[in-house]
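Listed below are the residues making up each chain.
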Amino acid sequence: MSATSTMLPEYVILGTLLIAMLGIMVSRAHSTLPSWIGLLGTIGGLWATADLWSRHLKPVLLFNQSLSVDNYSLFVDFLVMIAAGSTILLGWQGEREHDEFPVLVLLSALGMMTLGMSANLITLFLGVEILSLPLYILAASHRDPLGGEAGLKYFLLGAFSSGILLFGLALIYGATGSMTFTDFATAVSSNSPILAAGLMLALVGILFKLAIVPFHMWVPDVYEGSPDAVTSFMAFGTKVGAAVILLRFLAYGFYLSPDAWGPLLGYLALLTMIVGNLVALTQTNLKRLFGYSGIGHAGFLLIGVAVHSVVGARAMLFYLLPYGLAVIGAFAIITMISNGEKNVTIHDLEGLAHKKPWAAALFIVFMLSFAGIPLTGGFIGKFYLLQAALFAHQPGLAVGLVVGTFLGLGAYLRPLQAMFRHESNEQALAGWNVNWAQIVVLVVAVVGTIGLGVYPTPVVHMVNQSANFFWLH
Amino acid sequence: MIYINWVVALAAILFTVGAIGVMFRRNPLIMFMASEMMWNAAALVFIAYAREFHDMNGQVMAFLIMGTAAAEVGIGLAIIVSVYHKRHRLDIDEISRMKG
Amino acid sequence: MFTNYTALLIYFIVAFLSAFGMSFISNLLGPQAPGGLKKATYESGIAPEAPVGYFSVRFYRVAMFFMIFDVAVMALYPWAISLTDLRQAGFEKAVFFLVIVAFAFAYVWNRGGFQWD
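Line order of the protein sequences matches chains D, L and R.
Add 2 to the 1-based position in the first sequence for the working numbering, that's all there is to it.
Add 269 to the 1-based position in the second sequence for the working numbering, that's all there is to it.
Add 2 to the 1-based position in the third sequence for the working numbering, that's all there is to it.
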């Protein structure tokens, strides 16, 4: 197999973004052509991913062992395609004045796909940067001054965390003499202080991107200031990219010394689950609420990494899908209410259940999936995470998961309660606006959420195949 | 002969200075400059170890760090300029309103 | 002790001392008359008129494009050195890279990034 055919999804996305740039050049300003090209490209990427998946290829290492194409990377491609496609659809109307919007989304998606395949330090760094750089621009693209400041804050903290990550990678390279993940464990005795320092710094850098609690302070402000579609991309795509690289980096490079990082990540997961969901309880701005609840969900994801078992890897991979579907669905409703103009607060939801019952019903489904109520995908995801924590004899993590879930339930019930309140707020739903693109996202999200809750078997099967990378050190 | 540890110690000092700069300065340009310093400290470590190991990967990484840092500077300065531009305009508007 | 580099060291010390000494002594001995025209911006002898401290985004834009494309070319140096070993495979990859850089150039050009006004 040549590199071109095994990396077909990535080449499709690269080609699509070049064609979309060409489309911007030939069409007049603010046309829908670049968005159409981007959307067709993501569908093409999905098709290429499905085609590669159906061929049951053996895992291959490409480019001097720097990229590893296997079921894991294909599953990540699949998630990233959903994130990118839904973001382009959500920004169909609101981001029309930014011609480059679909191009930047696809470029960032390419970074996430690189992180899914990454098997050495060079591609890890490049993936993180290709993911981040377009997102800085997107975060700063809002018209009001708040948007510029969100972009500035994201950018400064992103550059800072990339610096920490990079220094950690440099020390790992120095301690082991190799760039390839799989060489780290066997290169030197694992108690080298330089290796330990490098691992800690690299973990801090990745946890910054994943927004784990001591390193989470940028999330709410950036989410609030960014355009709605971009926020949904950050909440879904960035978490996918950071979580999958964390899992592969630790499982390939440091599988012989899980005691060095497992307990640390476990405590951080516990802290993140509790703090993120607790602070989410007090938020009134919906995007800040999803920011903090996203921090809590990052804590749930971290359980799957911290337990260092194949069950944990499967649970984490599975959890990304229901979480992401609920995010894109909830943000589709938010874009309908905000119409790209204002920041939606809980008070803007008042009367939604009476005026737009179908939207309220869908919103309830997504909130319940976030909270992990049975018959939604979130419940199955939390169930597998709980199972992983118990199989690894970590009752503390299991208790933290349950407590975090209950706190989160409280946070998600407040918007629902507001929806059923009678409209005391005359201005609520004044800017209500629906277009077909948001409907498509809503349909995909709700079918996926309920489908995963009722019949998760096919996805569980896919995830089990993806997590097989765990044995291929 | 320069010992590798000295180079790494120098890089660690640069990294620490950069990290302290990001954490304690409040001017975005200075903060950004400080984080670039952290990147360059990492590039220095990569080059030093690449020379030690006679391995090309570290030097490739240093080149990529330089290229990425340039892209980062382009984007970052654009964001900083646009934020200041908005604020500057706002200030000028206030002044003209006060006069008129 | 007296190696080839000692001469270079002495040269550096002398150059440093003379450069700093000259500027320091002129500051010490010269007449001091601060303020007035001396604080104004020098614009080729013409009296400055634009508000000081606020300059156009154009300058920044030119600097940024220069830097981006300059650094893109930087990646070609290691390739040029090892071209004889890389042969055709290396050549193809460099062409791929250059096509993408040229595409970015065309995009910026098309979007009016290089226009001064």
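Keep in mind that the hints were calculated from the coordinates and are not lab data.
All residues carry an ideal CB built from backbone N, CA and C; glycine is no exception.
There may be inaccurate statements among the hints.
Residues from chain L that face chain D, not an exhaustive set, calculated with beta carbons under 10 Å [claimed, not checked]:
hint, residue
1, Met292
2, Phe293
3, Phe301
4, Ala303
5, Ala310
6, Glu321
7, Gly327
8, Val329
9, Leu333
10, Thr337
11, Glu341
12, Gly345
Chain D residues, not near chain R, derived (Cβ > 12 Å throughout) [unchecked claim]:
hint, residue
13, Ser7
14, Leu63
15, Pro359
16, Pro460
Do the hints match the structure? See the list:
no. : hint   : verdict
1   : Met292 : 8 Å, holds
2   : Phe293 : 12 Å, violated
3   : Phe301 : 6 Å, holds
4   : Ala303 : 8 Å, holds
5   : Ala310 : 6 Å, holds
6   : Glu321 : 8 Å, holds
7   : Gly327 : 6 Å, holds
8   : Val329 : 7 Å, holds
9   : Leu333 : 6 Å, holds
10  : Thr337 : 5 Å, holds
11  : Glu341 : 6 Å, holds
12  : Gly345 : 5 Å, holds
13  : Ser7   : 17 Å, holds
14  : Leu63  : 17 Å, holds
15  : Pro359 : 45 Å, holds
16  : Pro460 : 38 Å, holds
Against the hints set out earlier in the document, a violation occurs for number 2 only.
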